[in-house]
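Engineer: Based on the sequences and whatever the hints tell you, model everything.
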Amino acid sequence: MAVLPVIASGRDIRLDLFRGLALWFIFIDHIPNNIVSWLTVRNYGFSDATEIFVFISGYTAVIAYARMMQREGWVRAAARIYRRVWQLYVAHILLFVAFSAQVAWVSIARDTPALIEEMELLGLGQNPYQAILEAALLKFRPVNLDVLPLYIVLLAFFPFVLPAVVRWPLAVIAVSLAVYAATCHYDWNLPAYPENKVWYFNPMAWQVVFYVGAACAMLGRQLAWLDRFRWPLSTLAVLYLLFSAFIALSWHYNPLEQLIPAWVARQIYPIDKTNIDILRFLHFLAIAWLVRLAVPPHAPFLRWRIFEPLRRCGEHSLQIFCLGIFLALSAQVVVAQNEDSIVSQLGMSIAGLLIMSAAAYGAAWYKRGPAIEDAA
Amino acid sequence: MNRLVALMGAVMALTLGSGGASAELKGCRASRALLDLGNPLEIARTAVADERQLRVVAMGSSSTQGFGTTNPQFAYPFQLKLRLEAAMPGVAIHVFNKGIGGQDADEMTARMKSDVQPERAHLVVWQVGTNSAIRRVPTDQFAARLRAGIDIGKSLGANFVLMNLQYVPAVVALPDEEEYARVMGEVAREKGAGLFNRFDIMRAWYKDGMPYSQFVTSDGLHLNDFGQKCIGKLLSEAIIDTIAPKQLTGAPHTPH
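So the protein lines, in turn, are chains B and Y.
Just so it is clear: in the first sequence, position 103 is 103 by our numbering, and no numbers are missing.
Just so it is clear: in the second sequence, position 11 is 11 by our numbering, and no numbers are missing.
Calculated directly from the structure, the hints in this document are not laboratory data.
Hints may be right or wrong, so weigh each one.
To be verified - In silico SDA-like cross-links for lysine to any residue, where the CA-CA straight-line distance does not exceed 20 Å: (1) LYS26/Y with GLU339/B; (2) LYS26/Y with SER341/B; (3) LYS207/Y with PRO261/B.
Unchecked claim - Cβ pair distances, simulated, as ranges: (4) VAL90/B with ALA33/Y: 52 to 58 Å; (5) ASP151/Y with ALA136/B: 43 to 49 Å; (6) ASN196/B with GLY192/Y: 28 to 34 Å; (7) ARG135/Y with ALA358/B: 49 to 55 Å.
Stated by the list, open to error - Per the computed footprint, the stretches of chain B lying under chain Y, defined by three or more beta-carbons under 8 Å from a beta-carbon of chain Y, are: (8) 252-261; (9) 269-281.
The beta carbon of each residue, even a glycine, is placed where N, CA and C say it ideally should be.
Structural biologist: Written out as C-alpha cells, the structure is:
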C-alpha cells in the first residue's frame, strides 16, 4: 500500500478566527444599507464573506474527515459526513421556519396590509403546500437562506471526492476548475422554486472555492513551494486588490466611476455572483495569499483575548450562522422602522454581534459540560 | 440564547410601536417628459373604465423576474400591482409575472402567445433589450423580433409598453447599447406601443450624482431593491397618468 499522505493534526485557530470574522461580515452585510458594512470586505473589492466561508468549509472538511477516513475507513468517514449533512439540513429547515415565523410576527405586530403582502411575497402565501414541499427539497429558499443549501449540496458530494483529494489534491483542483468552467460556459444550474428560478449560489460553480480550500488543506507544506515566488505573487495580489478596490469604490463615487475606461468596464462586467465570476474568485485568492503570509498558524495575536469572541463564533459556525441570518432580519426591520437612522444601524449591528458572541460562548459552555453520548 | 432572542424580540416590539414614515426611495425621480409613454393605451383605459379591471402581463427577463432583489416582490411587476391598486380603488388589478432570467427578444417572442393569451391581458409591459445587446444580436434582427412580438400581443387584444435597457455599468460598457434603446423607441412609435424609457430615466439618476451602489447590485448588471422599487413606482406613475384614473375613480364615468 502506498504511503498515506500526512494530514496536519491539531486545530489551526486561524480557521476559527477567520470563519468567525466571515460570520460577522455575513450578519453585517445582510442588514441592507448598513453603514457598518464599510468595515467588511465587500465594499473594497469583488469578493465578500461568502467566499471566505465556503473556502474554510472545504478546508476544515478535509481536516475533519481525512484522518477519520485513514483511521476508520471510508464508510465510517462517509457516514460521519452524512451525519453532518443531516445536521445542516435540520438547521436549515429550522432557520427557514424561524425566519418565516419572524416575518409573520412582524407583519402581524405592525398590522400593516403592505407587510402582510410582503410576507406573502416570501412565496408562502400564494401556494403554501407547494412552498413547504419545495423548501424541504431545498428548492424554495426565501431571502438570505441560500448559503446553507449550497453547503449541504457541497458536503453531500464530498465523500466521493474525499479519497481523491487526499491522494491527488492538484488533480482535484484541475477537475474542479474544469467543472467550474463548463458550468459557466454551458450555463448549468440546479432547478429552484418558483419555476425558472435558479440557485442564487450555483453549487456547480461554487464547488471550485470549496475544493480549492479542501486541496489547500491537503497540500499543506507543499504550498511552501509557492514561497519561491513570494515577491512576484504578492505584488500581483496587491495590485489586483488595489484595482478591485478602485472598481468597488467607484460604485459609490461617480467621479471615480468616470475614470474607468470603457474597454476595462467591458471586460469586467457583469461580475456574476451566482456562478462566482473569476474576478471574484481571484480576489479571494489574492486575499488568502496575503493573509497566509501575514498570519502564520502560530502567530501570537491569534490567541489574544480580544479575538476570542471571533474564535468562539468560528468554532460554532453552524449555530452562529443561523442566528446571524435570523438576527439580520430583525435588524433590518428595526432599521427600516427607524428610517434608516445611523444610530439604529450601529445599535442593531453591535447588538447582533453581541448576541452572536454570547450564543457562541453559550455553545462552548455546553460543550465543556459532562460528556454525553451525542449519537442520538 | 433563547432568552436573548426573546429580549431582542421585546426590543423590536417596542421599536416597532414607534412607527414613522419610511424614508425609502429617496432620490427616486424622473422628469415628466421622461415619463411620457407616448401612447394613450386605449385598451387598458377602456378596461379600467368599463370593466373595472386591468390585466397586465409583465413580459421580460431577469429585471421582471426580480433577480438581484432581496425579495422577488420588490421587483417592478409586484410594485406596479401595489401602486395601481392604491391609485385605482375598486379596480381589480392583475399583474402576471412572466419574467425568465437570461432571455432575449427571440426567446420572448417565441413565448409571447402562450404567455399572454391565457391571461387575457389588456396591457403587456415588455422589458427587453439588455440581453439582446449583451449577446450582440444585430439590431435589425432585434427590431424584427420586437415587431413580431408586438404583433402577436396586439392580435390578442393587448396594448404594449416597451421597457428598454437598464442604465448600469455592464450595459453602459457595451459599445452600442444606445442603439438598442433607440431601435426600441422607433419600433414603439411605428407599432403604436408605449415606451417606458428606463435607460434615460436611470441615466438621469446617475447624472444627478446617484452612485451605482444605490440602485445596482454588485454584479454591475441587475437592479437592487431600490432600483426595482423605484422603476416600479415610476412605471406606475407613467401608466396612471396615461390612463388618467383620477377621472375614473370616484364619480361615475362617462363612456367614450
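Engineer: Are the hints correct? Go through all of them and say.
Structural biologist: Against the structure, the hints:
1. LYS26/Y with GLU339/B: 11 Å, holds
2. LYS26/Y with SER341/B: 13 Å, holds
3. LYS207/Y with PRO261/B: 17 Å, holds
4. VAL90/B with ALA33/Y: 52 to 58 Å: Holds: the Cβ-Cβ distance is about 57 Å, inside 52 to 58 Å.
5. ASP151/Y with ALA136/B: 43 to 49 Å: At roughly 44 Å between Cβ atoms, ALA136/B and ASP151/Y fall inside 43 to 49 Å, so the hint holds.
6. ASN196/B with GLY192/Y: 28 to 34 Å: 30 Å, holds
7. ARG135/Y with ALA358/B: 49 to 55 Å: 51 Å, holds
8. 252-261: holds (count 4)
9. 269-281: Held - the segment 269-281 of chain B has 6 residues with a Cβ nearer than 8 Å to chain Y, which meets the minimum of three.
In summary, this structure violates none of the numbered hints.
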